[in-house]
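Which chain is which? The protein sequence lines are A and B, in order.
Note that the first sequence covers residues 1 to 112 in the numbering used here.
Note that the second sequence covers residues 1001 to 1111 in the numbering used here.
Source of the hints: derived by calculation from the structure; they are not laboratory data.
Note that the Cβ used here is the ideal one computed from N, Cα and C, for glycine as well.
One or more hints might be untrue.
[Stated by the list, open to error] Examples of chain B residues toward chain A, derived with CB under 8 Å:
| hint | residue |
| --- | --- |
| 1 | 1011 |
| 2 | 1012 |
| 3 | 1027 |
| 4 | 1031 |
| 5 | 1039 |
| 6 | 1056 |
| 7 | 1061 |
| 8 | 1098 |
| 9 | 1099 |
| 10 | 1100 |
| 11 | 1102 |
[Said to hold, decoys possible] On the chain B side, residues computed to face chain A include the following (Cβ under 10 Å):
| hint | residue |
| --- | --- |
| 12 | 1006 |
| 13 | 1008 |
| 14 | 1035 |
| 15 | 1037 |
| 16 | 1044 |
| 17 | 1048 |
| 18 | 1091 |
[Stated by the list, open to error] Think about it this way: if two alpha-carbon atoms lie no more than 25 Å apart in a straight line, the pair counts; the simulated SDA-like pairs of lysine to any residue are:
| hint | chain 1 | residue 1 | chain 2 | residue 2 |
| --- | --- | --- | --- | --- |
| 19 | B | 1009 | B | 1044 |
| 20 | A | 42 | B | 1053 |
| 21 | A | 42 | A | 68 |
| 22 | B | 1070 | A | 97 |
| 23 | B | 1014 | B | 1098 |
| 24 | A | 67 | B | 1053 |
| 25 | B | 1083 | B | 1044 |
| 26 | B | 1070 | B | 1053 |
| 27 | A | 99 | B | 1057 |
| 28 | A | 42 | B | 1016 |
| 29 | A | 99 | B | 1026 |
Residue-level listing of the chains:
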Amino acid sequence: QKEVEQNSGPLSVPEGAIASLNCTYSDRGSQSFFWYRQYSGKSPELIMFIYSNGDKEDGRFTAQLNKASQYVSLLIRDSQPSDSATYLCAVKIPNQGGKLIFGQGTELSVKP
Amino acid sequence: DGGITQSPKYLFRKEGQNVTLSCEQNLNHDAMYWYRQDPGQGLRLIYYSQIVNDFQKGDIAEGYSVSREKKESFPLTVTSAQKNPTAFYLCASIGSTDTQYFGPGTRLTVL
């Protein structure tokens, strides 16, 4: 069983809509959660991290964490074509030297 | 400018050949990581190092070797024992905010 799971997509939304990306994880002891954006052929870049239950907002991006349900999501408001990329969810494994477990990524396509 | 550099950007390997991928950082980060990414897949951890002269195997260490003689450098050698090395290789380091930052990557192709 995979430790971090994401829908692979592709997820297609129209420009200006809200894109919702979801991630579930299996290790209940996980404390830190990260969302990375990866454009084709490029390395991942950090969008947000979240440690506490609830919502964390940064511009058009909102990360949501529910530890009881072992669920973390990323909302992108007012989606733009430049948001088209693969979004990787990563979970830090406790007491393993900062090791991250990555989901397989969700491909997002924002149509003009 | 502070950051993580990887070289070369593209690398071609012949059968039976060892190749070494470079990773350098000037962020003064203690911990460094090597990941492999296959098409349509997430990242899988190969090796990581939390301090100089110490490193641990990740999930897919077979066929790879590393060294950490300096804080700034964490080179990865892909040996001939790695039977399917064609992939995108990413180096990362971790800062005080517990966040991993990635270099630009090296794309390795077996000829």
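Results of checking the hints against the structure:
The beta carbon of residue 1011 of chain B is not positioned within 8 Å of any beta carbon in chain A (closest approach about 15 Å), and the interface hint is therefore violated. For the restraint placing residue 1012 of chain B at the interface with chain A, the shortest Cβ-Cβ distance is roughly 17 Å, beyond the 8 Å limit, so the hint is violated. For residue 1027 of chain B, the interface hint is violated, since its Cβ never comes within 8 Å of a Cβ in chain A; the closest pair sits about 14 Å apart. A least Cβ separation of about 5 Å between residue 1031 of chain B and chain A falls short of the 8 Å threshold, and the interface hint therefore holds.
At about 10 Å, the closest approach between the beta carbon of residue 1039 of chain B and any beta carbon in chain A exceeds 8 Å, and the interface hint on this residue is violated. A hinted interface residue such as residue 1056 of chain B counts as satisfied when its beta carbon comes closer than 8 Å to some beta carbon of chain A; here the least separation is about 7 Å, so the hint holds. With 8 Å as the threshold, the beta carbon of residue 1061 of chain B stays out of range of chain A, its nearest partner Cβ sitting at about 13 Å, so the hint is violated. This hint holds: residue 1098 of chain B has a C-beta 6 Å from the nearest C-beta of chain A, less than the 8 Å allowed.
Because the beta carbon of residue 1099 of chain B sits about 6 Å from the nearest beta carbon in chain A, less than 8 Å, this interface hint is met. Taking 8 Å as the C-beta cut-off, the interface hint given for residue 1100 of chain B holds, the closest approach to chain A being about 6 Å. At a threshold of 8 Å, the smallest CB-CB gap from residue 1102 of chain B to chain A is about 4 Å, leaving the interface hint in force. For residue 1006 of chain B, the interface hint holds, the least distance from its beta-carbon to any beta-carbon of chain A being 8 Å, beneath 10 Å.
For residue 1008 of chain B, the interface hint is violated, since its Cβ never comes within 10 Å of a Cβ in chain A; the closest pair sits about 15 Å apart. For the restraint placing residue 1035 of chain B at the interface with chain A, the shortest Cβ-Cβ distance is roughly 8 Å, inside the 10 Å limit, so the hint holds. With a least beta-carbon distance of about 9 Å to chain A, the hint placing residue 1037 of chain B at the interface is held under the 10 Å criterion. For residue 1044 of chain B, the interface hint holds, since its Cβ comes within 10 Å of a Cβ in chain A; the closest pair sits about 8 Å apart.
A hinted interface residue such as residue 1048 of chain B counts as satisfied when its beta carbon comes closer than 10 Å to some beta carbon of chain A; here the least separation is about 6 Å, so the hint holds. For residue 1091 of chain B, the shortest C-beta to C-beta distance to chain A is roughly 9 Å, which falls under 10 Å, so the interface hint holds. With a C-alpha separation of about 19 Å, the suggested pairing of residue 1009 of chain B with residue 1044 of chain B holds against the 25 Å cut-off. Taking the CA atoms of residue 42 of chain A and residue 1053 of chain B, the gap is near 30 Å; set against the 25 Å cutoff, the hint is violated.
The straight-line distance between the Cα atoms of residue 42 of chain A and residue 68 of chain A is roughly 34 Å, outside the 25 Å bound, and the hint therefore fails. At most 25 Å may separate the alpha-carbon atoms for a hinted pair to count; residue 1070 of chain B and residue 97 of chain A meet this at roughly 18 Å. Only pairs whose Cα atoms come within 25 Å are accepted, and residue 1014 of chain B paired with residue 1098 of chain B is rejected, the gap being roughly 38 Å. Simply put, residue 67 of chain A and residue 1053 of chain B have alpha-carbon atoms about 36 Å apart, too far for the 25 Å limit, and the pair is violated.
Between the alpha carbons of residue 1083 of chain B and residue 1044 of chain B the distance comes to roughly 16 Å, so the proposed pair stays at or under 25 Å and holds. Between residue 1070 of chain B and residue 1053 of chain B the CA atoms are separated by roughly 8 Å; this keeps the pair inside 25 Å, and the hint holds. Between residue 99 of chain A and residue 1057 of chain B, the direct Cα distance comes to roughly 11 Å. Compliance with the 25 Å bound is thereby established for this hinted pair. Annotation: proposed proximity of residue 42 of chain A to residue 1016 of chain B is violated, straight-line Cα distance about 28 Å (limit 25 Å).
At most 25 Å may separate the alpha-carbon atoms for a hinted pair to count; residue 99 of chain A and residue 1026 of chain B meet this at roughly 21 Å.
Of the numbered hints stated above, those contradicted by the structure are hints 1, 2, 3, 5, 7, 13, 20, 21, 23, 24 and 28, listed in ascending order.
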